[in-house]
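*Asks:* Based on the provided sequences and hints, a complete structural model is requested.
There are 2 protein chains.
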Amino acid sequence: MLRSHTCGELRLSDINKPVQLCGWVQGIRDKGGLIWIDLRDRYGITQLILDESRSAAEVVAKARTLGREFVISASGIVIERSSKNPNIGTGEIEIDIQDIQVLNSSKVPPFLIQDETDGGDDLRMKYRYLDLRRASVRSKLELRHKVAQQTRRYMDEAGFIEVETPVLIKSTPEGARDFVVPSRMNAGEFYALPQSPQTFKQLLMVSGFDKYFQIVKCFRDEDLRADRQPEFTQIDCEMSFVEQADIISVFTGLTKTLFKNIIGVELPETFRTMEYADAMRLYGSDKPDLRFGMEFHELNDLVRGKNFPVFDDAEMIIGINATGAAGYTRKQLDELTEWVKRPQIGAKGLAYIRYNADGTLKSSIDKFYSEADLKAIAEAFNAQPNDLILILSGEENKVRKQMNELRLEMGERLGLRSKDKFEVLWVVNFPLLEYGEEEQRWFAMHHPFTSPKPEDMALIDTNPGAVRANAYDLVINGVEIGGGSIRIFDRTLQSRMFDLLGFTPEEAKAQFGFLMEAFEYGAPPHGGIAFGFDRLCAMLGGSDSIRDYIAFPKNNSGRDMMIDSPSAINPKQLDELHIGLKVK
Amino acid sequence: MLRSHTCGELRLSDINKPVQLCGWVQGIRDKGGLIWIDLRDRYGITQLILDESRSAAEVVAKARTLGREFVISASGIVIERSSKNPNIGTGEIEIDIQDIQVLNSSKVPPFLIQDETDGGDDLRMKYRYLDLRRASVRSKLELRHKVAQQTRRYMDEAGFIEVETPVLIKSTPEGARDFVVPSRMNAGEFYALPQSPQTFKQLLMVSGFDKYFQIVKCFRDEDLRADRQPEFTQIDCEMSFVEQADIISVFTGLTKTLFKNIIGVELPETFRTMEYADAMRLYGSDKPDLRFGMEFHELNDLVRGKNFPVFDDAEMIIGINATGAAGYTRKQLDELTEWVKRPQIGAKGLAYIRYNADGTLKSSIDKFYSEADLKAIAEAFNAQPNDLILILSGEENKVRKQMNELRLEMGERLGLRSKDKFEVLWVVNFPLLEYGEEEQRWFAMHHPFTSPKPEDMALIDTNPGAVRANAYDLVINGVEIGGGSIRIFDRTLQSRMFDLLGFTPEEAKAQFGFLMEAFEYGAPPHGGIAFGFDRLCAMLGGSDSIRDYIAFPKNNSGRDMMIDSPSAINPKQLDELHIGLKVK
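Quick mapping for you: the protein sequence lines, in order, are chains A and B.
Taking numbering that gives the first Met the number 0, I'd label the letters of the first sequence as residues 0 to 583.
Taking numbering that gives the first Met the number 0, I'd label the letters of the second sequence as residues 0 to 583.
It is worth saying that the hints were derived from the structure and are not from the lab.
There's no promise every hint is true.
Copies of the same chain look alike in the list, so a pair counts if it fits in one copy or across any two.
[To be verified] Computed cross-link-like contacts, DSSO-like style, restricted to lysine-lysine with a CA-CA straight-line distance of at most 27 Å:
id, residue 1, residue 2
1, LYS16, LYS210
2, LYS145, LYS216
3, LYS139, LYS210
4, LYS397, LYS125
5, LYS508, LYS125
6, LYS259, LYS145
7, LYS286, LYS347
8, LYS259, LYS210
9, LYS216, LYS259
10, LYS259, LYS286
11, LYS571, LYS508
12, LYS210, LYS125
13, LYS255, LYS145
14, LYS16, LYS61
15, LYS125, LYS216
16, LYS571, LYS400
17, LYS210, LYS106
18, LYS400, LYS347
19, LYS106, LYS508
20, LYS347, LYS259
*Replies:* If you want it as structure tokens, here you go:
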């Protein structure tokens, strides 16, 4: 090694030791006779000192040529600092420098290499290798490493085998768009990159692997929203001879272990479980944020028949009680009304009932409702003085979505969504299918391999939309961390499912024939789950952005700004791959 | 769980327990009144017993419908076996069955699901999910899992951070052929799949990550030889402020840990180190198998000038001593001569000197060499009675390669290459460059980022072929497990290297501009290594084939026989990707 110690480890107990440190120049202070250099590496910062009256003239001269981010090797003796810095581990010592060697110089970086940087997003992505030098960024990737290590340890100790499934697989039209890879050796044919190892992990169950897991890269060629990446990582798992409760138990344990070991948070022994139907009814969302209440109340019976046409004509009227928000001014309420009327939310208006501190009630619908009417509504919420009831109405599905947004917004405004609080929830019994109005056909809500609940099987021909699946999602603070299902393991049922989803028998065979054939050779009952690993890391790190937890992310056009990829390739390569460009 | 226990865990201490097992029917013996079923899962085999005189008639009837590989759930009571099987853990008990449930039936598998199977290679690959059911195959993937776990634990404890580098990167023409991925969002542009995370790990060093590792999938679109796969896995590593000895030390430790913890083999504290030049001189190979000696002896001085034109005209004459092989008959020696003359080896002939047990010498070149001449040659080898000296001659580079093959063959024939013996070696100081006669230019022997030895830098303009690199390979039993180098971290030197390798400045900038720019912002001295993970697992498992250690391998045409991939994709997808087919 070119160093004897790192920049984070020297202490008072090392006084008088000769040491050699390597690192980056974080800053230099030149006070005439004395020069201090802050030397930084991954492990910390150590202060170097040169004293013109004692140090060799050429070493002092060399120190004066150093700039920010120069890489140097410095040798000297550990001494006690006169003015100690209690904020850093090495704050009680400094190095009395005997020699300095410049290992590499540095141009002035395009932005400040410190937690509070002046670099904009694009600049930091172009120079991601400099952005990653900032301790606040590096610590996110250190956290990611720890989460991966802990996950593997937990799964290994629980008897799971990590199996690497292939990256070059087969394109299938169900689900999102695949990235494809032209084959040179098989003209006109393509591999696809996996959106998940779904079929392979199911085949491993057919193989008797019993308990499989993998931390694995997956790929989706989707139009990227703010927080989506074309390549992302999953904790993927599958088990044989299990029921829903077994998967939930293993991943409850994993989640508890990670929260405890990574951020010291003790989650409850078992997590809350909520039916999908209840989540939709009470929160208008299959991933409710339970850090606060504000459950939905359906008000149809209470508010109809009072000659208020908006409510009388609405399919559904829903209210929430923003506890303690009665202080909202008229101006604030107007602003909130505009907020729900924005196209992103799409409500037609917002009604409110303010429960004043003096016990009186004031509402935006006083014209239609008497004080007694309002009191009756308030009682439905169990509202108290100082509460504010907010009401939306309209077509049922829409009003649930709108109210979900409003509820989250009010939770935010009232400070009920603290990053330090974690409310974990299993949402279970999702519908098996959802109808695509545009495509006029059924789609698998989870994926085509999810099994219907046996007790709902009778409905599959008569009322497919009412069939519930053995499917479950883990939700933390309103964020979906992952989900899974108990799978179909019977060829006939799997064929029926492909049929329902609009596959011809030929299409089903061409794309999933190998899986259906495998089901004929003794496939065991099995089920599994996948957690979004990037998302889980962001949750543990207290961030909303998965991009911060990815070393080299791509931008919203799927472009790596640093290496400037994708890029053109040479025509000879295209020829070898039997393809040509069709660019307009 | 659908079971109370696995098929591998019940013992005499469990007698009288009611249990429920799930698994596959390995076999059934129906001896009239008694039926035995061997039930198998990942954990073992447990014997079930039904007694017609005690068991319910419908359960017995159900048992008689079972076939091989049916998946069943069976409940009953643990009882002591009358005839115990000491070969399996569960051999002292059996289950007195009360009920059986068929979870899934099975067609008759296309080959036997047991260690010695009757399935050919193609059939087993098409039904890989059944092949993986065999314990001998599954155990290889269990070993792979253990190697990965142990590797991560070792690296983590040594302070390395695992960072996931991207899979969708940029195509570069140096090295092997890239797999590419057309970009839908960036018309006419392509991503490439990484042949290694080389540039990214170097950028992580520029970022100050200090110690990086990753177990990572890599991709090469090469014509596949017997034991190559288009996707393969590496243990990848990079460190800052290091010299060659530091990398060697970390990976010596890792190798020792894996051999000890996985297969209980204690490797020496430090491994042998050999100069590349010595390896070529003594073994004609940069990955010598040191399980046996048989070093090369150059015989030019001893055998020339005796009017034997073959030797007089040869650039190089090399011999090896096959200790104890003097018993080889004339027929065996003729066969060996034919062996070296095959086109794969390409020697013109083979001379031998047999040191008889009685001390006399007999050779194929008696016509030209006296007994004294032969004695002098034998003495150069320190040969003893019963030894056999084998001699090849010709153009130096060729004769070294040929003799390497002959040495390995003789080692094999003499039983000197036992799979239970491990001889580990670091080969160091490889040449920086090798000349491509066909292309008339220099190629990087390792890759363009490898640094020359400082003391050889003066030769880089005058005699590039003589410049040695800070490069090293780990070789076990003649197999290259991995290699690495200390990298260039200076922009000027990196430019010079691209120049030597025939890049125009524009090409170098377009492909590696981001790396060279990164070197201008304080790049530290750094170096690294990569181990072939599939190869390492095969070595630890005592196998020559990496394919056995890959769950879902591809065949020599890069085809996954099970899922039938690659395959055609639909024209709409091609349109979206801005490409068309050019298939003749």
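*Asks:* Is it within a copy, between copies, both, or neither that the alpha carbon of LYS216 lies no farther than 27 Å from that of LYS259?
*Replies:* within (25 Å within a copy, 31 Å between copies)
*Asks:* My question is about LYS16 and LYS61: at a cut-off of 27 Å on alpha-carbon distance, are they close within one copy, between copies, both, or neither?
*Replies:* Answer is within; shortest intra-copy Cα gap is 23 Å, inter-copy 80 Å.
*Asks:* Within a copy, between copies, both or neither: where do LYS259 and LYS210 come within 27 Å Cα-Cα?
*Replies:* both (24 Å within a copy, 26 Å between copies)
*Asks:* If the cutoff is 27 Å on CA atoms, where do LYS139 and LYS210 land: within, between, both or neither? Let me know, please.
*Replies:* Between copies, since 16 Å is at most 27 Å while 30 Å is not.
*Asks:* Is it within, between, both, or neither for LYS16 and LYS210, if the alpha carbons may be no more than 27 Å apart?
*Replies:* So LYS16 and LYS210 pass the 27 Å test across copies only (25 Å; inside, 53 Å).
*Asks:* 27 Å Cα cut-off: does LYS210 pair with LYS106 within a copy, between copies, both or neither?
*Replies:* between (52 Å within a copy, 24 Å between copies)
*Asks:* For the identical chains here, do LYS125 and LYS216 meet the 27 Å Cα criterion within one copy, between copies, both, or neither?
*Replies:* The answer is both: 23 Å in one copy and 25 Å across copies each meet 27 Å.
*Asks:* For LYS259 and LYS145, with the copy left unspecified, which applies at a CA distance of at most 27 Å: within, between, both, or neither?
*Replies:* Both, since 12 Å and 25 Å are each at most 27 Å.
*Asks:* Tell me, please, which holds for LYS400 and LYS347 at an alpha-carbon limit of 27 Å: within, between, both or neither?
*Replies:* within (13 Å within a copy, 83 Å between copies)
*Asks:* I want to check one pair: LYS397 and LYS125. Are their C-alpha atoms no more than 27 Å apart within a copy, between two copies, both, or neither?
*Replies:* neither (41 Å within a copy, 49 Å between copies)
*Asks:* Quick one: LYS106 to LYS508, C-alpha cut-off 27 Å, is that within a copy, between copies, both, or neither?
*Replies:* For LYS106 and LYS508, only the inter-copy Cα distance (18 Å) is at most 27 Å; the intra-copy one is 60 Å.
*Asks:* Tell me, please, which holds for LYS508 and LYS125 at an alpha-carbon limit of 27 Å: within, between, both or neither?
*Replies:* between (45 Å within a copy, 15 Å between copies)
In summary, the numbered hints that this structure violates are 4, 16, 20.
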